Amino acid sequence: MSALLETCNLTRQFGGLRAIGDLSLSVNRREILGVIGPNGAGKTTFFNLLTGIYPPSSGDILFKGNSIVGLLPSQIARLGVARTFQNIRLFRRLSVLENTRIAYDSQLPYSPVDALLRTPRARVRERESIDASMELLELFELGSMANECAGDLSYGSQRRLEIVRALALKPTLLLLDEPAAGMNPYEAMQLTDFLRWVHGKFSLTIVLIEHHMQMVMDLCDRIEVLEFGVRIAGGKPDEVKANPRVVEAYLGTEGELP
Amino acid sequence: MKYLAQQAINALQLGSIYALIALGYSMVYGVLTMINFAHGDVFMLGAFFCLLLIAIVPVPFWVALIVVMGATAILGTLIERFAYRPLRDAPRVSAIITALGCGLVIQNTTLGISPYARPMPHLLDNVTYQFGGLTVTTLQIIIIGVSVGLMMVLDFLIRKTSFGMAMRAVASDRATVSLLGVPANEIIAITFAIGASLGGAAGLLYGMAYPVVSAGMGITVGWKAFVAAVIGGIGNMRGAVLGAFILGAVEVMTVAVLPSTYRDLISYSLLLLILVFKPHGLLGKPTLHKA
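Chains as they are written, first to last, in numbering that gives the first Met the number 0: chain C, 0 to 257; chain V, 0 to 290.
It is worth saying that the hints were derived from the structure and are not from the lab. Be careful, since some hints might not be right.
As the list claims (entries may be wrong) - Listed next, the stretches of chain C that the computed footprint assigns to chain V, with coverage defined by at least 3 CB atoms under 8 Å from CB atoms of chain V:
(1) 100 to 108
(2) 221 to 232
To be verified - So the derived label-pair ranges between C-beta atoms look like this:
(3) V/LEU103 x C/ASN38: 48 to 54 Å
(4) C/GLU137 x V/ARG158: 46 to 52 Å
(5) V/LEU110 x C/ASN38: 57 to 63 Å
Claimed, not checked - Away from chain C, derived, C-beta distances all over 10 Å, residues of chain V:
(6) PRO59
(7) TYR115
(8) ASP124
(9) THR136
(10) VAL254
None of these values were measured; they are calculated from a predicted model. Think of the CB as a built atom: it goes at the ideal place given N, C-alpha and C, for glycine as much as any other residue.
Next comes chain C alone, as it looks inside the complex:
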């Protein structure tokens, strides 16, 4: 299996702090990779590097074999890398449909002139964008709320809308930053099933940052473990669970993971 994403000696320094150090790992096509580690392990920094929010201090990131270091976040997104956030970041005052359409429309050039003159091209595109976005919303049972303000949705619906919005980019790689944050074990279990379904339905490769261990163990094909920005272990869920180094990082010595 060929790697969809590869990082080579990826390092990110913030002043004296090494948030990510010499990280080399790869994500295979169609797999679900879990990235776990204690708070402050550099997991979100890792996502920020992958999406171009800030450049690495050194090292390289290859997506589909090409380096994406130095590209703008918007360019990386259009190559097919989508993400969700630890704290929900919807456009609260825009409607549910608009939140979705923004991601969908970003594939097209913005021409205010086209839009104003109502050229046939602009009209066809608009129809396309509305239809495709509505279809996606219906699929996620958000269709009936399409015209509501995103900020007025329930917490669960907002989480779902964030995923819909990411999918509207038609990504090949989906980065999920703690999607189960604030959920109880039952909700996390439902989310696990939901993500498994999304993974299959949209033929995605997923990288998942998550603290709900049960969810990570159930969902992921492979797990990478970070501590202080360095990879300390990696492998199949059972291997990782049994790795004394991981258990120590999480629970101190003498602990056991679920």
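Given the coordinates of chain C, work out where chain V should sit on it, guided by the hints.
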């Protein structure tokens, strides 16, 4: 009564010019939470571009309007690209000082080239119509009509098009919008272009209505429009228009009953008074914390 109605027409004329300028302040504030203090001077240049154009080729009004809007749009994007973008992540104060500096550079360059106020030639046959004792001129109809037309176009653009959605999204969270594939810089540049072109149109219309053009217009008139945007709730487009018409009405009525030297005193007092009771302006909402 007839006198009041006549004054109302004058107020609409002044208000619609203020509104066109105020929209530019408000749009830029909306996407960048930054006050573009050079905007008043872009308005002023709109009038000068028109003078220059007519001096070269005597074109009809509509052509002048389009050329002036195009020229100021380009100017607006240049200001954004070279003066503001490099400071996008700098402290707020640096951006404000840069904007003020930009305005002063434009103003003093203009002053250097044209130290004296200049008369604006007639672009239209100004016919006076009588409606039951009310006097309306072609110029007033054109000014109000063009302004309202441009505002409707802008409203459509912001609320209904994908550019408008992207602009509102940039306003609400610039970092996230980039991660959804939207080229935020492009959207910001287009926003500046549109704001500046409305300011340029206002400059041309103002020059036609009060046919003396001077380098100081950016301050005397432009900043008044800024006051209008703040009264309405800066960042809110409809607020900008509302504030502009209120300010236009207040000024016209002030001059109708008091010596005209009181005009600015009253306008700025109104600003202070409204801000005491509505610190976010009439239609502004308190901004939520952005992550």
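According to the definition I'm using, a residue is off the interface if its beta carbon is farther than 10 Å from all beta carbons of the partner; does V/TYR115 meet that for chain C? holds (38 Å)
Using the C-beta atoms of C/GLU137 and V/ARG158, is the stated range 46 to 52 Å upheld? Because 24 Å falls outside the window, the suggested range is violated.
Do three or more residues from the segment 221 to 232 of chain C put their C-beta atoms closer than 8 Å to C-beta atoms of chain V? With 0 residues in contact (Cβ-Cβ under 8 Å with chain V), the coverage given for the segment 221 to 232 of chain C is violated.
10 Å Cβ clearance of V/THR136 from chain C: holds (29 Å)
Is 57 to 63 Å a correct range for the gap between the Cβ atoms of V/LEU110 and C/ASN38? holds (59 Å)
Going by Cβ atoms, does V/ASP124 stay more than 10 Å from chain C at every point? Given that every Cβ of chain C is farther than 10 Å from that of V/ASP124, nearest at about 29 Å, it holds.
Status of the given 48 to 54 Å range, CB of C/ASN38 versus CB of V/LEU103: holds (49 Å)
Taking a Cβ-to-Cβ distance below 8 Å as contact, does the segment 100 to 108 of chain C have at least three residues touching chain V? Contact hint for the segment 100 to 108 of chain C vs chain V: holds, 7 residues under 8 Å.
Nearest-CB test (10 Å) between chain C and V/VAL254: holds (37 Å)
Distance rule for V/PRO59, whose beta carbon must clear each one in chain C by more than 10 Å: Fine: 22 Å to the nearest Cβ keeps V/PRO59 off the interface.
In this structure, the hints that do not hold are numbers 2, 4, in rising order.
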